[in-house]
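Q: Sequence:
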Amino acid sequence: MSDAHADTAFRAQLRHLRKYVALAALVWTLFFAGLSLWLLDHFRTMTLDLAYQEAQANFNKDQAFRFWGTLHSGVYVPVSDLVQPNPYLAHLPERNITTPSGQELTLMNPAYMLRHLNEQFGDLFGVRGNITSLQPLRPENAPDPWEEEALQAFREGAEERLEVADIDEEPHLRYMAPMRVERGCLECHAHQGYEVGDIRGGVSVAVPLDDYREREAETATVTLAALSGVWLLGLAGLSAGARRLSRDVRAQHAAAQQIRELNTGLERRVEQRTAELDEARRQAEDANRAKSVFLASMSHELRTPLNAILGFSRLAARGSNLTGEQRDHLGLVERNGDHLLSLINDVLDMARIESGRLTMEPVTLDLPQTLEDVVATLGARAREKNLTLTLDTDPELPRFIRSDARKLRQILINLVGNAIKYTETGGVELRAETREDPAGERRLQLGVEDTGPGIPPEQQESIFEPFVQGGAAGTTEGTGLGLSITRQFAELLGGSVDVSSAPGQGSRFSVDLPLEAADDTADTPAPAARRVLGLAPGQPAWRILVADDSESNRILLQRQLEEAGFDVRLAADGEEAVEVYREWQPHFVWMDMRMPRMDGYQATRAIREAPGGQDTVVVALTASASLAQAREIREAGCADLISKPYSDNDIFGTLERHLGVEFRYADAETDTPTPADDAPAPETLAAQLRPLSPERREALARAVRSGDLQGMNEWVATLHEEDPERARVIHKAAEAFRYEDLLKALGENRT
Numbered sequence: 001m002s003d004a005h006a007d008t009a010f011r012a013q014l015r016h017l018r019k020y021v022a023l024a025a026l027v028w029t030l031f032f033a034g035l036s037l038w039l040l041d042h043f044r045t046m047t048l049d050l051a052y053q054e055a056q057a058n059f060n061k062d063q064a065f066r067f068w069g070t071l072h073s074g075v076y077v078p079v080s081d082l083v084q085p086n087p088y089l090a091h092l093p094e095r096n097i098t099t100p101s102g103q104e105l106t107l108m109n110p111a112y113m114l115r116h117l118n119e120q121f122g123d124l125f126g127v128r129g130n131i132t133s134l135q136p137l138r139p140e141n142a143p144d145p146w147e148e149e150a151l152q153a154f155r156e157g158a159e160e161r162l163e164v165a166d167i168d169e170e171p172h173l174r175y176m177a178p179m180r181v182e183r184g185c186l187e188c189h190a191h192q193g194y195e196v197g198d199i200r201g202g203v204s205v206a207v208p209l210d211d212y213r214e215r216e217a218e219t220a221t222v223t224l225a226a227l228s229g230v231w232l233l234g235l236a237g238l239s240a241g242a243r244r245l246s247r248d249v250r251a252q253h254a255a256a257q258q259i260r261e262l263n264t265g266l267e268r269r270v271e272q273r274t275a276e277l278d279e280a281r282r283q284a285e286d287a288n289r290a291k292s293v294f295l296a297s298m299s300h301e302l303r304t305p306l307n308a309i310l311g312f313s314r315l316a317a318r319g320s321n322l323t324g325e326q327r328d329h330l331g332l333v334e335r336n337g338d339h340l341l342s343l344i345n346d347v348l349d350m351a352r353i354e355s356g357r358l359t360m361e362p363v364t365l366d367l368p369q370t371l372e373d374v375v376a377t378l379g380a381r382a383r384e385k386n387l388t389l390t391l392d393t394d395p396e397l398p399r400f401i402r403s404d405a406r407k408l409r410q411i412l413i414n415l416v417g418n419a420i421k422y423t424e425t426g427g428v429e430l431r432a433e434t435r436e437d438p439a440g441e442r443r444l445q446l447g448v449e450d451t452g453p454g455i456p457p458e459q460q461e462s463i464f465e466p467f468v469q470g471g472a473a474g475t476t477e478g479t480g481l482g483l484s485i486t487r488q489f490a491e492l493l494g495g496s497v498d499v500s501s502a503p504g505q506g507s508r509f510s511v512d513l514p515l516e517a518a519d520d521t522a523d524t525p526a527p528a529a530r531r532v533l534g535l536a537p538g539q540p541a542w543r544i545l546v547a548d549d550s551e552s553n554r555i556l557l558q559r560q561l562e563e564a565g566f567d568v569r570l571a572a573d574g575e576e577a578v579e580v581y582r583e584w585q586p587h588f589v590w591m592d593m594r595m596p597r598m599d600g601y602q603a604t605r606a607i608r609e610a611p612g613g614q615d616t617v618v619v620a621l622t623a624s625a626s627l628a629q630a631r632e633i634r635e636a637g638c639a640d641l642i643s644k645p646y647s648d649n650d651i652f653g654t655l656e657r658h659l660g661v662e663f664r665y666a667d668a669e670t671d672t673p674t675p676a677d678d679a680p681a682p683e684t685l686a687a688q689l690r691p692l693s694p695e696r697r698e699a700l701a702r703a704v705r706s707g708d709l710q711g712m713n714e715w716v717a718t719l720h721e722e723d724p725e726r727a728r729v730i731h732k733a734a735e736a737f738r739y740e741d742l743l744k745a746l747g748e749n750r751t
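In the numbering used here, the protein residues as written are 1 to 751.
Since the hints were derived computationally from the structure, they do not count as laboratory data.
Computed from a prediction, not measured in an experiment: that's the story for all the values here.
A hint or two may mislead.
Stated by the list, open to error - List time: in silico DSBU-like cross-link candidates among lysine-lysine, alpha-carbon distance up to 35 Å:
1. K385 with K19
2. K744 with K732
3. K732 with K61
4. K421 with K385
5. K19 with K421
6. K61 with K744
Stated by the list, open to error - FRET-style restraints, in silico, Cβ to Cβ:
7. R705 with R543: 29 to 39 Å
8. G653 with I259: 48 to 58 Å
9. A610 with I259: 25 to 35 Å
10. G34 with P596: 29 to 39 Å
11. N649 with Q539: 11 to 21 Å
12. R543 with A717: 48 to 58 Å
13. N60 with E695: 31 to 41 Å
14. G653 with T219: 28 to 38 Å
We treat Cβ as the ideally placed atom computed from N, Cα and C, and that holds for glycine.
Required output: the full structure, derived from the provided sequences and hints.
A: What follows is the structure in structure tokens.
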């Protein structure tokens, strides 16, 4: 190779390196920027939602007092300095009565009771309340401008009014709902012309927002600081890796140039030239090893936080108190996380292709099922654009074939996904058929045809180059690596990819692959994943150890497992994992393979050598981009390997396979809990509470009577350490607000 060609190749290699690093930094930054904006908006929404819940609670309390007073037509109380006969009830003949002992009592109607409560206790709890009307009996009960506007809205059919407004120059969340005339109200207000069902007035509640906003600001500050730290660490890792690769590439180029210069020397320098050539080869191998280390490191550093982001977004989306908007936001986080994962895979695949380390891994696969899975996976994206996505298969197509399942699936997803992205009207069709080549060998023909804008002839070859995007101008989603990877995969599988298109007439991409039919002894497709609700009854108390140096990933897996009913302990490194194992003897260990002090390989071997270690199932967790190290992991003693980011089905399916755990699942059609997930019946609660000591039962009764949620949670947490199953039953009743059932079970039946 001439010096000019070598310099050109060297500069091209540096350009590609800068593109990879810049692309990774841009994706990393955009992801964290979007996540930060979403979290700030989420915190603001949560602040208002909490204040709204407090306002509703106070309003419901006022309504309870009012309904009780209305039910009893008011109450008689002794006349005192605080309670004087209500002058606005003077028209009632029995406003004042005297008891046989001579004590003077006066009637307090519901409105009078509420006014006294709000005036005497409003400042004590910080929440202001007021009962008012457009026709108040008492002038002091006249509404302020905000309340008057709300009352007018109630007359027009509004059910409630909510607004953030200043009171005494301090922000408050103001809430108001109407009071309707009950039959008991007519005793005091019939002379005003009201009838049952009329809107008498309303009760307003004002909740101070300063404390809520202060907590919001503190939470936002800590969260953004943590995200900024992760973002900066990622950029620092990218920068360090890029500098290392750049140095290696330059060193390799310099060595190659020196070799070329030596080749022009005299024969007497053959021995010296051979030694220098060996040194250059060593440097080249070091550069390749450095690139491999960089790819493995970047894969781990990107996939580890991505596993937590996707896992927590799915976990949060299952919350029962989320609004529709919050579910949409969490869906956006999950979809963009999946998109980021696909971008990372594209970049890493292209890097492996360029380094020549990509290999074929043939397995027996169900071809029709693979085609249907691709159509099902991309069907939602097509429906969002009102496109049709159809599958047409040859009846002669064999069911089971030998091929690389992941690469074949990626080829199909890339081609069908591209067709959907660039098509605005009409649809996309995926066809699969067989043919014989001139040598009589059977071939698999895959075709993806769309009704998009078409591709000009001059672009039809360049679209297969890295970082080149076809289609309409302005379409920039993705890395521009999809078609390049598709061609490389097809060639690795022994086939080819071609395109035929014309502007305005759509496009057709054709994939020609060798077809090797296999025996129909392959495993049948796994059933569709269903959401796990918990452990089926009648099983042992499964103990699971989670060892991972990432705190967020430890907490994520802990919550997923504890929510299902497992007993879980955590370890932050290999040494701690071995210590916890020896002390606790868990049935199952989730083992991260990259940890400080002692890595997962060493920790697994230590567990296997410990007493009872051969009976414990250890499964590896890895954020590596490939499973090339699977053999080494299994040799260390791991029974299986799960890659990050993982799904709930990966976790629970692995536990089911290796431990024989049985689960309760949500309904497959509606994803709703089965009847077995309902809160326990009163008889069950009584049976669970009966064996407890009187002191412990009285502590729970006090917390329930006073509505002390924190006290109830602490009580349940203490019981969980001694009896997890009993604690879970009582916790379910508390979560479902079955307070009356709890009091009955505790022997405090109150009427």
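Q: Hints numbered earlier in the text: which of these fail when held up against the supplied structure?
A: Violated hints: 9, 12; rest satisfied.
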